[in-house]
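Undergrad: Could you slot chains B, C and D onto chain A? The hints should help.
There are 4 protein chains.
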Amino acid sequence: MDDKIRQALLKQVEKEPFAQKFGLKLIDLQEGYAKVGMAFTEDMENIFGMAHGGALFALIDESFEIASNSHGTMAVALNMNINYIASPVKGSYLTAEAKESNKTKKTATYDIRVTDSQNNLIAACQALVYRKDKPLPFLGK
Amino acid sequence: MDDKIRQALLKQVEKEPFAQKFGLKLIDLQEGYAKVGMAFTEDMENIFGMAHGGALFALIDESFEIASNSHGTMAVALNMNINYIASPVKGSYLTAEAKESNKTKKTATYDIRVTDSQNNLIAACQALVYRKDKPLPFLGK
Amino acid sequence: MDDKIRQALLKQVEKEPFAQKFGLKLIDLQEGYAKVGMAFTEDMENIFGMAHGGALFALIDESFEIASNSHGTMAVALNMNINYIASPVKGSYLTAEAKESNKTKKTATYDIRVTDSQNNLIAACQALVYRKDKPLPFLGK
Amino acid sequence: MDDKIRQALLKQVEKEPFAQKFGLKLIDLQEGYAKVGMAFTEDMENIFGMAHGGALFALIDESFEIASNSHGTMAVALNMNINYIASPVKGSYLTAEAKESNKTKKTATYDIRVTDSQNNLIAACQALVYRKDKPLPFLGK
Numbered sequence: 001m002d003d004k005i006r007q008a009l010l011k012q013v014e015k016e017p018f019a020q021k022f023g024l025k026l027i028d029l030q031e032g033y034a035k036v037g038m039a040f041t042e043d044m045e046n047i048f049g050m051a052h053g054g055a056l057f058a059l060i061d062e063s064f065e066i067a068s069n070s071h072g073t074m075a076v077a078l079n080m081n082i083n084y085i086a087s088p089v090k091g092s093y094l095t096a097e098a099k100e101s102n103k104t105k106k107t108a109t110y111d112i113r114v115t116d117s118q119n120n121l122i123a124a125c126q127a128l129v130y131r132k133d134k135p136l137p138f139l140g141k
Numbered sequence: 142m143d144d145k146i147r148q149a150l151l152k153q154v155e156k157e158p159f160a161q162k163f164g165l166k167l168i169d170l171q172e173g174y175a176k177v178g179m180a181f182t183e184d185m186e187n188i189f190g191m192a193h194g195g196a197l198f199a200l201i202d203e204s205f206e207i208a209s210n211s212h213g214t215m216a217v218a219l220n221m222n223i224n225y226i227a228s229p230v231k232g233s234y235l236t237a238e239a240k241e242s243n244k245t246k247k248t249a250t251y252d253i254r255v256t257d258s259q260n261n262l263i264a265a266c267q268a269l270v271y272r273k274d275k276p277l278p279f280l281g282k
Numbered sequence: 283m284d285d286k287i288r289q290a291l292l293k294q295v296e297k298e299p300f301a302q303k304f305g306l307k308l309i310d311l312q313e314g315y316a317k318v319g320m321a322f323t324e325d326m327e328n329i330f331g332m333a334h335g336g337a338l339f340a341l342i343d344e345s346f347e348i349a350s351n352s353h354g355t356m357a358v359a360l361n362m363n364i365n366y367i368a369s370p371v372k373g374s375y376l377t378a379e380a381k382e383s384n385k386t387k388k389t390a391t392y393d394i395r396v397t398d399s400q401n402n403l404i405a406a407c408q409a410l411v412y413r414k415d416k417p418l419p420f421l422g423k
Numbered sequence: 424m425d426d427k428i429r430q431a432l433l434k435q436v437e438k439e440p441f442a443q444k445f446g447l448k449l450i451d452l453q454e455g456y457a458k459v460g461m462a463f464t465e466d467m468e469n470i471f472g473m474a475h476g477g478a479l480f481a482l483i484d485e486s487f488e489i490a491s492n493s494h495g496t497m498a499v500a501l502n503m504n505i506n507y508i509a510s511p512v513k514g515s516y517l518t519a520e521a522k523e524s525n526k527t528k529k530t531a532t533y534d535i536r537v538t539d540s541q542n543n544l545i546a547a548c549q550a551l552v553y554r555k556d557k558p559l560p561f562l563g564k
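Residue numbers (the working numbering), protein chains in the order written: chain A, 1 to 141; chain B, 142 to 282; chain C, 283 to 423; chain D, 424 to 564.
Okay, chain A solo, but in the shape it has when bound (with noise of 0.2 Å):
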């Protein structure tokens, strides 16, 4: 991909307040791919102190928005489906990966999908964006 782009998004995920409440970390960046990894930790808990849904969501969301922002223009999410698979065991380290499974103009899907080290799969989802004719605003800063 573009090493613009890449340089862009990296710095501007590094600095993003949400991945860093949860400790996110982008492990590989293509265009149309994006792997992310996050501990699970206690404060990420529900009330049967299991894996909290949104915590699973977090995850995923994050390698979607990298994933369909990583050709250079804006993506804005319209839809995500996301299927439950197993609850993660505490002290896991989860990772999602996001690939694109369309793009065209105006819209592009991907399916993404969180494993544990074990390599379990925890969580799988589909996802759609609107693409929208603009250059990322952060590129070029």
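Warning: the hint list may mix true and false statements.
[Stated by the list, open to error] Selected chain A positions facing chain C (in silico; Cβ < 10 Å): (1) 12; (2) 107; (3) 128; (4) 130; (5) 134.
Don't read these hints as lab results, they were simulated from the structure.
Glycine included, each C-beta is placed from N, C-alpha and C at the ideal position.
TA: Structure of chains B, C and D alone, referenced to chain A:
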């Protein structure tokens, strides 16, 4: 709804780590219904300085979790589908309402709406749980 | 709603090949709203002799198509999410109601409910369209 | 896969009323996998003369039904989420492939892709079943 279940849920949500992380407040609770509020703060911004999809989802998921467990038996999330409709303005106070649309012995479905303080629709969600034949583990504690 | 749009849609639905294939009847039509009926017949059975998911979907999709085109400009389906709730009984008359939950310049969302003649909820659907800036092609014909 | 299950499914699909209605052909069948074909004919057109969403869905749903029942026990559809990506050209021959992405004792998930004869992606679907602890009723008949 059963007062014992209500008190147990209120207490459990109050000490839930994830709810604390996002400042989620349970505003109303009835059987099959929950209303949760969240101030949209700067630590919830994404790479564009807008509300991160994951922050909206945290709010949605909390209302869903509470509504689906309000019958006193454990509910496990299977699927969530979310349409992102508008970006909330910085400093907004957001509210999610989860309403049960159907309940059988094994599954139940919910409609969830997120609105801002001007009552603009921010996101709409449809969600599905598997209902276990087990009482909430923290009941009676 | 605009009477010219209404008449054009009524006429177009009446001669739609797909609607004829399933015996779909437009029962009510307003701006952002459509109600469609279908008798569940034997040619709609699946390998278990129950209603094929595809038959329920045909009914759902028809109400969605009509409601989303009721503003007089072309709407194109982007995403549909459906929860199957109960199996209709053989010989049931099923009804789908599509209600617009939101509309912006570029997109609109719909909630669709399928019920049987005893008013049991059979399926619930959430759907999203992209709104083109083009009048319905068959308007004014 | 088990040959008895394969033969029973092949036979059952062949006589399924809904499959006959759409001219659906089972092209390939393995455990957790099914490939189904359909010629896009004029009786599948919508009010714009394009492929009706319901026709694409019929094809998708058939591949999903077969893949999810290929283990020899009954699977019941709970949720389907579909992204419409491109309109097929009139006269196209469409193919849906359903692949199991996960299977537990109680649930299983599937990714389904519809492509045309030029291998263009037409629609993508993510689907979820509840797995009953019952053999297929037509096994052994």
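Undergrad: Does each hint hold? Answer for all of them.
TA: Hints, verified against the model:
| no. | hint | verdict |
| --- | --- | --- |
| 1 | 12 | violated (25 Å) |
| 2 | 107 | holds (7 Å) |
| 3 | 128 | holds (6 Å) |
| 4 | 130 | holds (7 Å) |
| 5 | 134 | violated (14 Å) |
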